[in-house]
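Asks: Please build the complete structure, drawing on both the sequences and the hints.
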Amino acid sequence: DVKVTQSSRYLVKRTGEKVFLECVQDMDHENMFWYRQDPGLGLRLIYFSYDVKMKEKGDIPEGYSVSREKKERFSLILESASTSQTSMYLCASTGSGVSGGGVEQFFGPGTRLTVL
Amino acid sequence: QKEVEQDPGPLSVPEGAIVSLNCTYSNSAFQYFMWYRQYSRKGPELLMYTYSSGNKEDGRFTAQVDKSSKYISLFIRDSQPSDSATYLCAIGDAGGTSYGKLTFGQGTILTVHP
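These protein sequence lines are chains A and B, in that order.
Sequential numbering of the first sequence, starting at 1109, is according to the working numbering.
Sequential numbering of the second sequence, starting at 48, is according to the working numbering.
Derived by calculation from the structure, the hints in this document are not laboratory data.
A quick note: this is a predicted structure, and the numbers were derived from the prediction, not measured.
Take every hint as true, because none was put in to throw you off.
Listed next, the in silico EDC-like pairs over lysine to aspartate or glutamate satisfying Cα-Cα at most 16 Å (straight line): (1) K1111/A with E92/B; (2) K89/B with D1146/A; (3) K49/B with D1167/A.
One side only, chain A facing chain B, incomplete, derived with CB under 10 Å: (4) H1137; (5) E1138; (6) P1147; (7) G1150; (8) E1164; (9) A1200; (10) V1211; (11) E1212; (12) P1217; (13) R1220.
Using N, Cα and C, we set each Cβ at its ideal position, and we do this for glycine too.
Replies: Shown next, in the form of C-alpha cells:
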C-alpha cells in the first residue's frame, strides 16, 4: 500500500517562529510537491523537487523554502511564520511516467498549521 | 485568468440525484485530465483520469473531456451520502520537463443528503 506521511496533523506556532514540515514517501518516487490549500483557492503549488537536492519554485514560493537531502524526504520550511501562512499544507509525490512526467499524485493527510 | 477554473459551489443534492461538476482550462498544452476526491480532514485521492476527448466511465462516475472547448466534467449517477466530499479537477502536461506537475481547480464541495 503506497504511503505519503506528514510529520504532524495539527501544528500551532507563533509569528516569527521557524517552522519545519516534513513529508516522507515510501514509493521511490522522483517527484515531490508541497501545496497549500485554502477555501475558495484550491491547491496552490509552493515548491516541487524532481530529484535529490533539486528544487523549483511553484506558484507561491514567497516566505517558504524547501530541502530534499534524501529521495524519500521533502521538507517545507517557513523561515519566519506569519499569520497569512495559516493554512492546510499538503505533500504529494509522483513517479516518472509518460514523457518524464508522472500521472497520479499521491497525497499525504495534510498538516493544519495555525500561526498566532 | 486562472489556468483552471472550477465552480467552488457548495453543491447540495438529495440522495439519488445526478451530479455534474465542471472545469474549464485555458492552456492547450494540457494533455491529461484528472478528478480527485477529498474527504474531510484527508488528503485528495485520485478518482479518475483520462488522456483523450470523450467519455470514460467507472461505475457511477463518468469523466468527460472536450478539448476543443477546453471543458471537462465529472458526472455522478445515483449519488450517495458517501459521495459527500470536495471534488478537485486537475490538469497536467506530460512534457519532458513537467515532472508530473498538476494544475488544480478550486474544488467543489458536494453534500448528498439522505
